[in-house]
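Asker: Below are the chains, spelled out letter by letter.
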Amino acid sequence: MEAHRLTNNDVNMRRPEVVMAPQRLGAMHSNRISFVRTLIRKMAQQKWQVTKDLWQLSAQGFGHVIYKLKTPHHIYHLVVFCNEIEDDERNDRVIAEKWDVTFALVYGEVSEQLLAQLQANVPLQEAGRNPTNVLVLARANKSVRVFEHIVSHLAEGVQPTSDELVDVGYILRTTAVYGNGKFGIADFKILENNPDFKQSFSAQMCAVYLLREFSLDWIDYLAKQKGGEKASPLSNDLKRYLGVGNATGLGMAPYLINHPCIVDQWMSNREAALTLVLDCPADLEKHQALLFLLNKAVCHLQQVNTQNQNQDQLNHCSVNELQHFNGQLKDLISVSNTWRDLLIATEHLSLETQEILISCLMEIYPELVDNFQDQVNTHESLNLAKGKKVNDLLMLLDDKYRWAIETDFSKPENNYWFWYRSQDKEEPRLGIRGEEIGEERELPLDIGRQVYRLYYALLACPAEMTLAEFLLQKPQYRAIARRVWTLGNKVMGDIQINVLHKQSLPMHLLRCKLSFFGATKFDPRSDRWVRVSFFQGAPLLSEIHDGEWLFPVLPQQAVVDKSTDAAVDKSIIALQESSK
Amino acid sequence: MIVTHNELITVTNKAFLGMRRVCGEADLIANMVADLQMVGLHGVKHFNNATQFISLERDEPVAIKVTDGHLIADLHGSSVACHLPVIIDYALEQMIANKHLKLSLKNCHNRWLAYSELLMLAGKGIACKAQWDNGSSPKHTLYILNRGCVLPELFLAETLQREANGLNDMTIELSINDFDIANLSSGYSKHIDAKNLSGIQDTAWNKGVFVEDHEWDLLKNTATAILVENSEQSIRGAGE
Numbered sequence: 001m002e003a004h005r006l007t008n009n010d011v012n013m014r015r016p017e018v019v020m021a022p023q024r025l026g027a028m029h030s031n032r033i034s035f036v037r038t039l040i041r042k043m044a045q046q047k048w049q050v051t052k053d054l055w056q057l058s059a060q061g062f063g064h065v066i067y068k069l070k071t072p073h074h075i076y077h078l079v080v081f082c083n084e085i086e087d088d089e090r091n092d093r094v095i096a097e098k099w100d101v102t103f104a105l106v107y108g109e110v111s112e113q114l115l116a117q118l119q120a121n122v123p124l125q126e127a128g129r130n131p132t133n134v135l136v137l138a139r140a141n142k143s144v145r146v147f148e149h150i151v152s153h154l155a156e157g158v159q160p161t162s163d164e165l166v167d168v169g170y171i172l173r174t175t176a177v178y179g180n181g182k183f184g185i186a187d188f189k190i191l192e193n194n195p196d197f198k199q200s201f202s203a204q205m206c207a208v209y210l211l212r213e214f215s216l217d218w219i220d221y222l223a224k225q226k227g228g229e230k231a232s233p234l235s236n237d238l239k240r241y242l243g244v245g246n247a248t249g250l251g252m253a254p255y256l257i258n259h260p261c262i263v264d265q266w267m268s269n270r271e272a273a274l275t276l277v278l279d280c281p282a283d284l285e286k287h288q289a290l291l292f293l294l295n296k297a298v299c300h301l302q303q304v305n306t307q308n309q310n311q312d313q314l315n316h317c318s319v320n321e322l323q324h325f326n327g328q329l330k331d332l333i334s335v336s337n338t339w340r341d342l343l344i345a346t347e348h349l350s351l352e353t354q355e356i357l358i359s360c361l362m363e364i365y366p367e368l369v370d371n372f373q374d375q376v377n378t379h380e381s382l383n384l385a386k387g388k389k390v391n392d393l394l395m396l397l398d399d400k401y402r403w404a405i406e407t408d409f410s411k412p413e414n415n416y417w418f419w420y421r422s423q424d425k426e427e428p429r430l431g432i433r434g435e436e437i438g439e440e441r442e443l444p445l446d447i448g449r450q451v452y453r454l455y456y457a458l459l460a461c462p463a464e465m466t467l468a469e470f471l472l473q474k475p476q477y478r479a480i481a482r483r484v485w486t487l488g489n490k491v492m493g494d495i496q497i498n499v500l501h502k503q504s505l506p507m508h509l510l511r512c513k514l515s516f517f518g519a520t521k522f523d524p525r526s527d528r529w530v531r532v533s534f535f536q537g538a539p540l541l542s543e544i545h546d547g548e549w550l551f552p553v554l555p556q557q558a559v560v561d562k563s564t565d566a567a568v569d570k571s572i573i574a575l576q577e578s579s580k
Numbered sequence: 581m582i583v584t585h586n587e588l589i590t591v592t593n594k595a596f597l598g599m600r601r602v603c604g605e606a607d608l609i610a611n612m613v614a615d616l617q618m619v620g621l622h623g624v625k626h627f628n629n630a631t632q633f634i635s636l637e638r639d640e641p642v643a644i645k646v647t648d649g650h651l652i653a654d655l656h657g658s659s660v661a662c663h664l665p666v667i668i669d670y671a672l673e674q675m676i677a678n679k680h681l682k683l684s685l686k687n688c689h690n691r692w693l694a695y696s697e698l699l700m701l702a703g704k705g706i707a708c709k710a711q712w713d714n715g716s717s718p719k720h721t722l723y724i725l726n727r728g729c730v731l732p733e734l735f736l737a738e739t740l741q742r743e744a745n746g747l748n749d750m751t752i753e754l755s756i757n758d759f760d761i762a763n764l765s766s767g768y769s770k771h772i773d774a775k776n777l778s779g780i781q782d783t784a785w786n787k788g789v790f791v792e793d794h795e796w797d798l799l800k801n802t803a804t805a806i807l808v809e810n811s812e813q814s815i816r817g818a819g820e
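Residue numbers (our numbering), protein chains in the order written: chain E, 1 to 580; chain S, 581 to 820.
The hints are simulated quantities; they were obtained by calculation from the structure and are not laboratory data.
Check the hints yourself; a few may be wrong.
As the list claims (entries may be wrong) - For lysine to aspartate or glutamate, the following EDC-like pairs were computed, each having C-alpha atoms within a straight-line distance of at most 20 Å:
1. S:K719 <-> S:D782
2. E:K189 <-> E:E380
3. E:K502 <-> E:E380
4. E:K386 <-> S:E637
5. S:K645 <-> E:D374
6. E:K474 <-> S:D654
7. S:K686 <-> S:D749
8. S:K704 <-> E:D399
9. S:K770 <-> S:E738
10. E:K189 <-> S:D782
11. E:K389 <-> E:D374
12. E:K474 <-> S:D749
13. E:K68 <-> E:D217
14. E:K386 <-> S:E753
15. E:K490 <-> E:D374
16. E:K425 <-> S:D654
17. E:K474 <-> S:E640
18. E:K198 <-> S:D782
19. S:K645 <-> S:E673
20. E:K388 <-> S:D773
Next comes chain E alone, as it looks inside the complex (with noise of 0.2 Å):
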C-alpha cells in the first residue's frame, strides 16, 4: 500500500486499485458516516419529535398505524398498513405480491382522502400509483419465529430468551424500499432543498428507523391483547438489540455500476475521512477506546449466526485475528508514528479484519470524520472534455484502467455470465453465456468489457487523432468514453470489476453500498442474496441520542433478566473491563 499511495490535494490517498477492489469492498463495515448514524445524530441533534398519531389495529394486530415526525422545518407522517396473510405468500424476493407490513413516509399532512389513497395503492406496491407527497414506500415481513417467540413469552409476563433473538436480530425485514420518483413518489429532486432529506437515501433510513419502532410498539401491543394485565413489555435493553432485517438481492447490484459518479463519491469521502484519521499520530491515550472497540467487534462477529460457510469461515478468521491483534495493540501503538502505520501492520491480515480496524479507527476521531457525513451527493453527467486526443483517453485507460485492459476478454471465463432483466417484475438475473436463453439482450453491465474494447479501438487509430474525430467514425464507443474520461478523473473512479467473470461475485457489490447504508450482521444466503440488519444496537426513540452504536452486541442475559434500562451500558463497562 505505501508504494502505491496516491496524492490528491496533499492528501495522502489510498490508490483506487486497493479501494475499488471488489474483494475489499465485499469486506467492509458500517462506519460513523453511514446513512443511518449520519440520520440518527441529526435526530437527536435537532432534536426530532416522533409522536402516535393514530393507532387502529385489530386485537390480531391488522389495520393501519400514522406516526407522526415533526423537525425543526417540516412534518411528515409514516403511514404503517398490517396485513393478514398466508404463511405461504410470505416472500422475500421482488416478485412477491404480498406482504406482513406496508408503509409510507408522507410529507405534510395525511388527511381522509389521502389516506384513503393510500390505502388503496401502497398495500400493492409496485402494483399501486402514488401521488408525489409520499417520499418513500415500502414493505416488509414478519420475522415470524421471533415475532412469536417474542409475543408468546411477554403476553406471560416474561421477557423472550436472548438464544433466539441473537439468531434473527429484528421482528420485522424490509424487502423493498423505494423512492426517487418510483411507482409515483417523489423524485429525489423534490427533496434538493429539504434540510431534512437532502442527503441520498436520508428519507428511506428514516423510513426503516420509524418503522423498527412500530415494529416494537407493535409486539408490546400484541402481548397485552393476548396476555392482558399479566403481559409486560419487552425490556428497553431487548428493544435496543432489535433492528430492522432487510433481504438485499441482485437488484442493488445493477445500482453500483449505473451510478459511478454516486460510488465515486461515497468512497471519495470515506477514504478522505479515514486519511485524516491515518495521519494523525498513534496516541496511546486512544488505546483503550479502540480496544474497546475492537473488542466489541469479536463480540459481534461470534454472534453472527450465518448458514453461509464461507461468511461463516470469514468472521472466525477475522475473531481469531483480532483476539490476537488486541493482545498485541498497546505495542503496535506504540511503535506506529500514525494509526497508517498501525494500518500496515494489518496488511498481512484478512480484508475484514482491516475493515474492521478501519471502521473502528473512524469511530474514535469523530471530530475528524463528522466532517463528512453530508457529502454524499454528487452530480452524475458523464463528459468529454474538449480538444483531447486519442492519445489522451489511452493514457489515462493505461492509467486508470488497467483492471480492465489487462483482462483477456477473449477467454470464455472473463465473459461466462450475462446480466439480463427477467418478465418477472423486471428483476435483475444472471445467465450463463451460451447455455440460457436472453443473451441477446444482456444488460450493458459489462464495463471492463466495454473498456477494453474501447482501448483496442482507440490503439487501431493515429495517437493525434481528436476524440471527437474517433467517436464520430465509431460512436458506438462514446458511452463508454464518456464514463472512462469522467470516472478516470475522479478521486476513486470505477469499481475494479469485471462482472462477467465465472468467479465474480456481485455479494461485493451488495455489501459495499449496504455497509454505506450502515447495515450490520451480514448473512449471505447465497453469492447472489443477503440478510443484514438496520439499526440494530441504535438507541430508541424515547432516549435517542448520537453516541456511537458501532458493532451491536447482545446484552448480557444475566442483565437481560433484570430488565433495566442500564443493560446495555453493564455489558459495555463488561467490555471495557475485559479491554483492560
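We have chain E; now place chain S onto it with these hints.
Answerer: The following block gives chain S in isolation, referenced to the frame of chain E:
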C-alpha cells in the same frame, strides 16, 4: 397518466436499450425525452415517433464536412437523437477556432429531441439557436437558448421559412455571443416564453409529469423488448 421524472428516464432508457442500436446513447436519449416532457413539449410522443422508424434506419456513423464556420452533417434519414451528441462534440472542436458555427443537419428526423443537448450547451456558456421546417403544423419552429439559459424562448409559425432547408433538415447555430431574440423572432405567430415553460416544469416536479395515456403505454410496451421470458433457469438466476 401522471408519472415521475425518474420513471420517464428509466422507461425510456430501457426502451432504447431494447433496440440494440450501435448509434445512440440510452442515458442521453432518456434525458432528451424527459427534458422535453417536463416542459410540456411532448418528449414521449417524439420518442414514440422515432421508435416506429428507428429499426428501419441505417445504424451507421453520419457523414460530416466543414467549410468556413459551416458544418454539414448528413444523417441518412436517421433520428437526431441517435447522432446529435457526436455531432456536437465535433462542432465544439471547430469552435475552438470560430466564435460562431452553423450546423446543417440533412435528412434527419425527430428534431425536437435535439433540445436536451442544446440545453446543456447553453448551460456551458454557448448560445444556441435551432430551427426547422415541418410538413405539418407548426410549419416552422425556432427556439433560442442564450448563454446560461435553462429554458428556451420558443417561436412557432404556420408558414415554411425554407432558407435552403428541406422538410427533413434542421439548422442549429452555436455562438459564444447571445442571439438577438427580438430581432430573430419577428414574424412568428406564437411565442412560448421561458417563464411559461418554467411554470410547467415546476408543476411537473412537484405534482408529477403529464403524459398522454396512449403515449405512455406505447413507451412502456417498447421498453418490454429488453425483458427475458421466465424459465426454470432464469428463476435460479435471481439467487434463490
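Asker: Determine for every hint whether it applies to the structure shown.
Answerer: Hint check results:
no.	hint	in the structure
1	S:K719 <-> S:D782	violated, 29 Å
2	E:K189 <-> E:E380	holds, 13 Å
3	E:K502 <-> E:E380	violated, 30 Å
4	E:K386 <-> S:E637	violated, 30 Å
5	S:K645 <-> E:D374	violated, 49 Å
6	E:K474 <-> S:D654	holds, 16 Å
7	S:K686 <-> S:D749	holds, 5 Å
8	S:K704 <-> E:D399	violated, 28 Å
9	S:K770 <-> S:E738	holds, 9 Å
10	E:K189 <-> S:D782	holds, 11 Å
11	E:K389 <-> E:D374	violated, 37 Å
12	E:K474 <-> S:D749	violated, 23 Å
13	E:K68 <-> E:D217	holds, 14 Å
14	E:K386 <-> S:E753	holds, 18 Å
15	E:K490 <-> E:D374	holds, 19 Å
16	E:K425 <-> S:D654	violated, 41 Å
17	E:K474 <-> S:E640	holds, 9 Å
18	E:K198 <-> S:D782	holds, 18 Å
19	S:K645 <-> S:E673	holds, 13 Å
20	E:K388 <-> S:D773	violated, 37 Å
Hint violations for this structure: numbers 1, 3, 4, 5, 8, 11, 12, 16 and 20, all remaining hints satisfied.
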